[in-house]
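Chains as they are written, first to last, in the numbering used here: chain A, 1 to 344; chain B, 1 to 338.
Note that these hints are calculated values from the structure, not bench results. Keep in mind that this is a model prediction, so the values were computed, not measured. Glycine is no exception: its CB is placed at the ideal position from the N, C-alpha and C atoms. It cannot be assumed that every hint is accurate.
[Claimed, not checked] Just the calculated beta-carbon pair ranges, DEER-fashion:
#1 A:Pro340 <-> B:Asp333: 57 to 65 Å
#2 A:Ala296 <-> B:Glu46: 47 to 55 Å
#3 B:Pro238 <-> A:Phe335: 33 to 41 Å
#4 A:Ala150 <-> B:Ile334: 17 to 25 Å
#5 B:Ala192 <-> A:Ala150: 29 to 37 Å
#6 A:Ser156 <-> B:Thr96: 32 to 40 Å
#7 A:Arg284 <-> B:Leu104: 50 to 58 Å
#8 B:Glu20 <-> A:Glu217: 40 to 48 Å
#9 B:Pro141 <-> A:His175: 25 to 33 Å
#10 A:Glu217 <-> B:Arg3: 41 to 49 Å
#11 A:Leu19 <-> B:Pro327: 30 to 38 Å
#12 B:Arg180 <-> A:Glu279: 55 to 63 Å
#13 B:Ala226 <-> A:Phe335: 28 to 36 Å
[Stated by the list, open to error] So the derived list for chain B, only partly shown, Cβ under 10 Å to chain A, looks like this:
#14 Glu46
#15 Pro57
#16 Met82
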Amino acid sequence: MAIGEGPGSVTTYDAKTPLRRREEVIADPRARLERMMEIRHAEQKIRELHEEGLAWGSTHSCDGQEAVAVGIAAAVPPTDHVVGAHRGHGLGLAMGLTPEQLLGETLGRSVGAVEGLGGSPHLVETSVGLVFTVTLMGAGIPIVAGLALAAQVQGSDRVAVAVFGDGAVNIGAFHEGLNLAALWRLPAVFIIENNHYGEFSRYDRTTTVEPPARRAEAYGLPWTLVDGQDVDAVIEAVGTAVATARSGGGPTLLELRTYRYFGHSRSDRAPYRPEGELEAWRARDPIRILGDRLVADGVVDEADLAAMEERCRERVEAAAAHALAAPVTDVTAMFRHVYPEAAP
Amino acid sequence: MARLRMNQAIGRALADAMDEDPTVVVFGEDVAAAGGVFKTSVGLLEAFGPDRVRDTPISEMAIVGAAVGAAMGGLRPVAEIMFADFFGVALDQVVTQGALVHYLTRGAVTVPMVVRSSVGAGRGFAATHSRTVEEWFLSAPGLKLVEVSGARTAYGLLRAAIREDGPVVVLEPRALYGSREEFEPGEDAVLALGRAEVRRPGDEATVVAVGQTVGIADRAIEELGASVELIDLLSLRPWDVDTVLESVARTGRLALVEEHPFTGGWGPDVASRVGQELFGDLAAPILRITAPDVPVPFARELEFRYLPSVEYVASQLRTWLDTGKLPAPWWADIREGV
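The following block holds chain B by itself, in its conformation from the complex:
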């Protein structure tokens, strides 16, 4: 067993994939000589050489476009976009080029690329470096999207994404890079794309969370002491409809814990699907616990108010479980006043 920080697990997954497959190459801003600004590729340059591990200029469009092309040309590139907010200038290459090559060549050309990127608030990086931007990718047929929740899932999903024959975006919550988890890296740790994991079983309600909200939801449920099932969605496109529907059909209640603002993100699709499929079986309205519809604020007190906290999630769940009604979000009264 290894006890790895999430950034170390990512580095280990890259190294194992490069060992396994000589077509795997890694490039991005400061990923080679410096080992990545979040230390996710330490030692790769030394181990695999400058042909396969490259620093790039600050040129996100070129990074992602070159990943698309390298993949079309027979490599399995793993490109890094340092902060997911930087995808803005490279989105064309991801969603309009990379995601469509296979379709528009009628399967003649594949794009086995992975683009990894850090996401999320909680580190004081302010409005332009803190979003999770899942919705940028959710509307792109041809693309797969995963979001990891710790060292083990980071390792397992990255290995799986690299083996995938189509393009995959892997989102990594920045706040979790330093958190440790014990697991055994290797073949048995490779996860399947499109599969959720049940984190804790329960029969009173189902909670679905993603990325750094998985740990937050877990602690909130622990605090509640109720029998609540927690599902870590892991794959956002496609997401594991069967696991979620099976759980909610059993518990009769669904709550989602989302890091991003109420509008957008992965939550609305999950909520609407469950609402459509299980309308008559639901004992309470579907509860979405999210951030407010504002940019990520910088001041520490505000940023941690913005993010759903353990205490907030627990109080929302408690009210909802007790009353069967939707609790107002924390900002309901404030919105009235501004």
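This is chain A alone, in the form it adopts within the complex:
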């Protein structure tokens, strides 16, 4: 993916920035906390851009789910392959995408992750292993089986990871993909990011098995239910599954239990939520859980937390300003990359 190319680009990052951002998240718990804050700020900024009429289309925010995104990004090396799904702003930033790439994509600008051609639901950054983001339910699951097949056939120790929502567990691709991955003992990890709602329907109104991850047993796969609000729990579970896959132990199905603070998309006020549910989950806010832990462990103090928040706010504001100043994607862009260009 060309980053910051083209006339008039005002981008503030270069091609190595996403990888550097990813390495920070892998190495340092303080960077993980700050990245979770950055995701929260970015989602807030995206809502503002929509309210101001500067962004358009639909948008799916992941406030409340930051520990899932950052935990996966910290546990999976950037040389592995990840396919994301709906509500992927957090996963993108956690994996290394810059705020400018995200906001630029949201705004349809040339500095966006995919030049404003895909919109914020289609974030990609191959330099950190985010090879695709799918927005049709479960479509990434068999694709990840195939990415893992490639690694297996190539004799590579690469692992492929699918991240998808609880809404995807009732589609054929989930069952077909898991069975195939189990049958061929592929180096893959399948992660249900269970935020409790597929569109407007609570997962237990559309799924009869509790927890949904128990369906792994039907395919002879191990599964684990994980506290998705605790980034350290996410890192441990994902890390174990990735290590198992890498060592030839086959795929694992993980369910990271989390909660989305906002509705399905911009227009959804989520009237279907039981009273008190949102408040109960906000009491287990993933940013506060990690912040409290790092303060208790003496890794950071309250002043550090305030400084982190301020840096995130500034970084996201600067990214928005840069994205807004960047040229609107040129009309010729839609004609490029429809097919691979012929070799010269």
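Got chain A sorted already, so can you dock chain B onto it with the hints?
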């Protein structure tokens, strides 16, 4: 008379059909408790109960397959696929199962099902949620396909589709759900499948449009000020050959305004049929005004460039009417450069 938004007209058609026929059932993702993500089934659950109005899991293959089976079993299901792009995982049940049951049972079993779905670009839903995918269904004998163009035709065609004894796919342009139209719902508003409507009469040329391009073509012709006949095709399979041929035989010119890319869609079949039947009567080449052969781009400026606009349609028609020659599409020069 009622002045209804298109999504309200669809809800009204479903309610009227359910009132008329107790075998009509409705199901799909978030269609019951939430009344549909595009508010096309508001109040149905309350009015007709959870037996007849059901939310489903996100399982398009099961939704369409269950519609086929429910229809075989004696119901008249109206299933919803939220975005037509999602038909990809359910296509087997529509074109390879549902469309063929009657034929392969030699008429012993019928499939009176309707599958409704939203289509089209212009709302910022990006490449995977914006196509019109008519061609997925056009090649399926046994299936009927209609595409509505506003509240009145949505009501009339949905009522007709529900009464049909074979499977019908009803495509609803997403961009039109909120547009209002005045009409009188009820028996007289039920339309016939397979019939086009002449939107405005004219004798210099015939323009055929479908779905959201009907309104675009109408405004473009208005802007031109020329005497151009506008036909809203409405039914795409089977389409109203007689109405189109009669019009073109009279005007000597045919232009099509298609939302989808140049390759595929409903336009090529109409163009080839008219070319075959009226070759010697045509005063100009058949003009197809379409989107370019690319995925639907996200950026707003690009998406509205992709879609045929009123200004673009008017300029294409003007050149074609003035010169009798095909104007180049807007992307002709760009394609050269990339």
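### Query
So which hints don't hold here, by number, going up?
1, 4, 5, 10, 11, 12, 14
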